[in-house]
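> Given next are the chains, with one letter for each unit.
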Amino acid sequence: MNGAQMHALVERLYPLCRSITGNGVRRTLEIVGEHIPLEIFEVPTGTEVFDWTVPQEWNIRDAYIADASGNRVVDFQQLNLHVVGYSTPVSARMTLEELRPHLHTLPEHPSWVPYRTSYYAPNWGFCLAQDTLDAMPDGEYEVCIDSTVEDGSLTYAEHVVPGQVTDEVIISCHTCHPSLANDNLAGIAVAVALAQSLDNPYYTYRFLFMPGTIGAITWLARNHERIGKVKHGLVLACAGDRGQLTYKKSRRGDADIDRVLRYVLRERQHKVVDFSPYGYDERQFCSPGFNLGVGSLCRTQYAGYPEYHTSADNPDFVSPQAMEDTLAVCREAFSVLDRDRRYVNLSPYGEPQLGKRGLYDSLGGRSDAKETQMAMLWVLNFSDGEHSLLDIAQRSGLPFDSVAAAARALQGASLIKE
Amino acid sequence: MNGAQMHALVERLYPLCRSITGNGVRRTLEIVGEHIPLEIFEVPTGTEVFDWTVPQEWNIRDAYIADASGNRVVDFQQLNLHVVGYSTPVSARMTLEELRPHLHTLPEHPSWVPYRTSYYAPNWGFCLAQDTLDAMPDGEYEVCIDSTVEDGSLTYAEHVVPGQVTDEVIISCHTCHPSLANDNLAGIAVAVALAQSLDNPYYTYRFLFMPGTIGAITWLARNHERIGKVKHGLVLACAGDRGQLTYKKSRRGDADIDRVLRYVLRERQHKVVDFSPYGYDERQFCSPGFNLGVGSLCRTQYAGYPEYHTSADNPDFVSPQAMEDTLAVCREAFSVLDRDRRYVNLSPYGEPQLGKRGLYDSLGGRSDAKETQMAMLWVLNFSDGEHSLLDIAQRSGLPFDSVAAAARALQGASLIKE
Amino acid sequence: MNGAQMHALVERLYPLCRSITGNGVRRTLEIVGEHIPLEIFEVPTGTEVFDWTVPQEWNIRDAYIADASGNRVVDFQQLNLHVVGYSTPVSARMTLEELRPHLHTLPEHPSWVPYRTSYYAPNWGFCLAQDTLDAMPDGEYEVCIDSTVEDGSLTYAEHVVPGQVTDEVIISCHTCHPSLANDNLAGIAVAVALAQSLDNPYYTYRFLFMPGTIGAITWLARNHERIGKVKHGLVLACAGDRGQLTYKKSRRGDADIDRVLRYVLRERQHKVVDFSPYGYDERQFCSPGFNLGVGSLCRTQYAGYPEYHTSADNPDFVSPQAMEDTLAVCREAFSVLDRDRRYVNLSPYGEPQLGKRGLYDSLGGRSDAKETQMAMLWVLNFSDGEHSLLDIAQRSGLPFDSVAAAARALQGASLIKE
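Residue numbers (UniProt numbering), protein chains in the order written: chain H, 1 to 418; chain B, 1 to 418; chain C, 1 to 418.
So that you can see chain H by itself, here it is in the shape it has in the complex (with noise of 0.2 Å):
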């Protein structure tokens, strides 16, 4: 999937409106599953999920606010960020003043739409232009809000290209945002290419497509017994706008993860940051009684942006380059992790003769040694079961991947084991 292709995703994903649960979410679920299989997950409402509890379903099918003359100054039809999420039905008439507690507007951007929500405390709202509100004049409006919140289920879904060992590493990435395109369509459609790249990987990767906070920790308490087998994880969000990429190190701050992904972006423009205890699903990964080795892939971070969670975050924002960009780098980091492994040099007392294995050039003297025999040199000296060979790539200086090819010769010499 290139990054047109990816963005074509995002466009077409774009209108429907999604949140935490509802047919938005499954209805973008199916689209996803026609480039990867999906397993699908329905979570029934009332379902008890470590400190919280699955909530009722919210499906919506129109929202306005209508004028005197009855045009829709304010319609869900045009877009799906106008209503808060999860807002209970209203149908009424009343005053601009009466009205005014439930609208929400950027004053600082008077032509952009805000996203709000309103989850867990049943309330009602619209969200519009500050241009638009001040173009409202008082009197009576009709509002109407023609959505049900009723007892359902929270649905997620899981792709899973199976490794040859079991140990897990997850890419996680939420569904939960409606017509938000960098948060957080780009960051589905590079996780779905990535998934369909994968090729014979070396660990599981399992891929998680669900909403944010509830879905993570729906997920986590019914994988209660799978978590020791996730050894990292990826949580990929705002993976499309045109800034320089961020990562987010994981709580431990020195998981393989951490150092695979700033080994990547050593050579590009970038940006590292701690771990902290806001953002995406890193927050409940890297909750202290879980502590996974889960960092986070982001363009420009959460909330660095004017644009982010306004209207303004639309197709237009993420570009293909950027999308084939943050993808290259995931590929990248998947390719040195897959192969990073500690190995214990069989022939520890000096250095074995690579000369009569062919694996040393016999003339010796020259100053310019070769990369391939250096790379040999470093993997036995520090194959001592304690340094990995990204490690030791840091440490020689040594591109990866030639480190990575001298441990495959000298493991096929039967020079270093596993």
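Calculated from the structure, these hints are not laboratory results. It cannot be assumed that every hint is accurate.
Since the list can't tell identical chains apart, any single copy or any two copies may satisfy a pair.
[Stated by the list, open to error] Derived SDA-like pairs (lysine to any residue); straight-line CA-CA distance at most 20 Å:
{"#": "1", "residue 1": "271", "residue 2": "342"}
{"#": "2", "residue 1": "356", "residue 2": "47"}
{"#": "3", "residue 1": "356", "residue 2": "320"}
{"#": "4", "residue 1": "271", "residue 2": "242"}
It should be emphasised that the depicted structure is a prediction, and the values quoted were computed from it without experimental measurement.
Using the hints provided, position chains B and C relative to the given structure of chain H.
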């Protein structure tokens, strides 16, 4: 006690002739006792304290060098620095040449009188201005030191502010210097004001007023069984000059007191220096057998100003503002230390649902998360029994007060425990 | 042995045709043995040493390429670098075209002759200046290499300076390079001078003169049981060029030898580099099965100068002053290492009373504490069994000599013990 009151205390204590023993110390402690209740300890001459023995007690009534006309050219009544501390009694007539080996001056500051002692080697001497010496004609002088060095006792005092726990913080200042204002009457004054300001602290605070070296060693020898209770400590000295604050770390270097002081000083002009086995009584508290978490707070450090140990260290050399500033840092430091504890998150699997407990805004989607909410997320995530609230404040960049308030709220909601 | 004498030794050894075996090595050790007594070891061809086997012995009497007129255009008698080390015997006439695959030049330095070997793959060849090759007309040449490759032995030598303890320091230098002055006749000369200079050292010093790689591996294989005694070591190479000193750390990176060398070099222009598994015999001593605290001292490092492994590395390339400087650093380093021990304060509760032992001035109050007294306070405070005297010197900023002298005084007063 404000800066003016601390300065008044310095001025009142200044004329007394203190030493490591004697009535000058007793009178000093009487005056301190007018401000805070003291328990006075008298340790008899000859008491063995570790490698040392409590020395004989020194008292002095008068001392002078009079010229041929009977004029006192050097007069203890004018300034007690004129006599070398612990001088043995003398009553003699001698020529200037005979006298000279017993005279101490500061040629580089010819109008200043130095401070000298000879506690453990019986000797006598006078300290005087180089200018005075230069003006003394050859000829005979009457030399008188009306002192006694006799069996008696070493005097020190404690003031205890009981805390919620019996674990202790010790605040120590030396009481053995005669007319020297910054070293250490300012330290005594700040200690008194600090003691008055403590209000139902968490730790038990023990203030120690005792002579340098032999006093600290005596206290340690007599309180060997208490040492296990001493969790933190601070030696106060040179607390009133106009220089910037200097914090000298404990020998451990990363004791709680070290981290707290560095935190509190971070936004002030200040200096932090590593532990060295010279200076004040941190030398004893941080000797390898004890290795206590005791740092030292000064303004300009020991021997770091020319007035150090001279008659120029008089009450004009210390300022009310500087003492108030030192006091403010101490109060803030102990306020942080008293609240800096480690908690354990009782709901560590994912985030607990703060909203249902009224601790989190119900309206989602905003990009300006509130500091109080952020502080709760930080405390929850890092309350794993390993990170203290100060760790969390430093890692999050949030004010310690916000972090401590979040911990209180979370403890109130039974989400964390100590 | 001063710089001039070391240089004379380099000049005397220079013409010999050394290799990893053979009579050139034996003659070299005879000459070294005129300066310091050596024990010579002969290890027969075919001896298995870890992953390697001691090879056949190579000896050479003559070699040349003669033109049609019988003129030797390339002549081993002029420069032994002209023959590829371990060349098998040849006696043939062949055209330049046939000869060319056996000729090695350095096009980037057309007047220099490179140094090449082929120890383990039977082969023959000549090294010559590019200028010489360019001047050789097409046509037939007489090619002669009068060498033997036969069962024999590998020769190495040890010189031991017994110490007060049987724990050992090894000093190693390679003896396998033919007419190359900096690499490594200068290293041999500095090692000889260093051995002569040691006078009743604390450690036992073992000097190893042996061929690179196979020699070190042979020594390690034959001394497996001694390795536990080897506490420190230094590989000497390239010890005489005019560049600044380079210290290459042991694989451990923080071995005592690493800390000592860094300390001794701190006030000189120098470079410290991390361990890498290439270079000289530190490769073997620091292989993961041994991981000894062995560093390497050079001036300009391996392959870091164009003259490396060429005929330009001749006696003019090394200077008496540079060898003296290398020697001075070695002597200072081993002087520190020999005295760098950990002590335990026998009076750790508070400071002991130094005054009553005559170790401290009786007159107090001065601000210019003496270095000797400060050094005693530092040694007392940090002699907790964990800090060595070098740690204390570095932490205090005091000269190591002062700290060591303080330790002697305190040990004499029974205040500390080893």
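> Now tell me, hint by hint, if it's right for this structure.
We went through each hint and held it up to the structure:
1. 271 - 342: neither (28 Å within a copy, 31 Å between copies)
2. 356 - 47: For residue 356 and residue 47, the Cα distance is within 20 Å only across copies (16 Å; inside one copy 65 Å).
3. 356 - 320: neither (51 Å within a copy, 41 Å between copies)
4. 271 - 242: Within one copy, since 14 Å is at most 20 Å while 43 Å is not.
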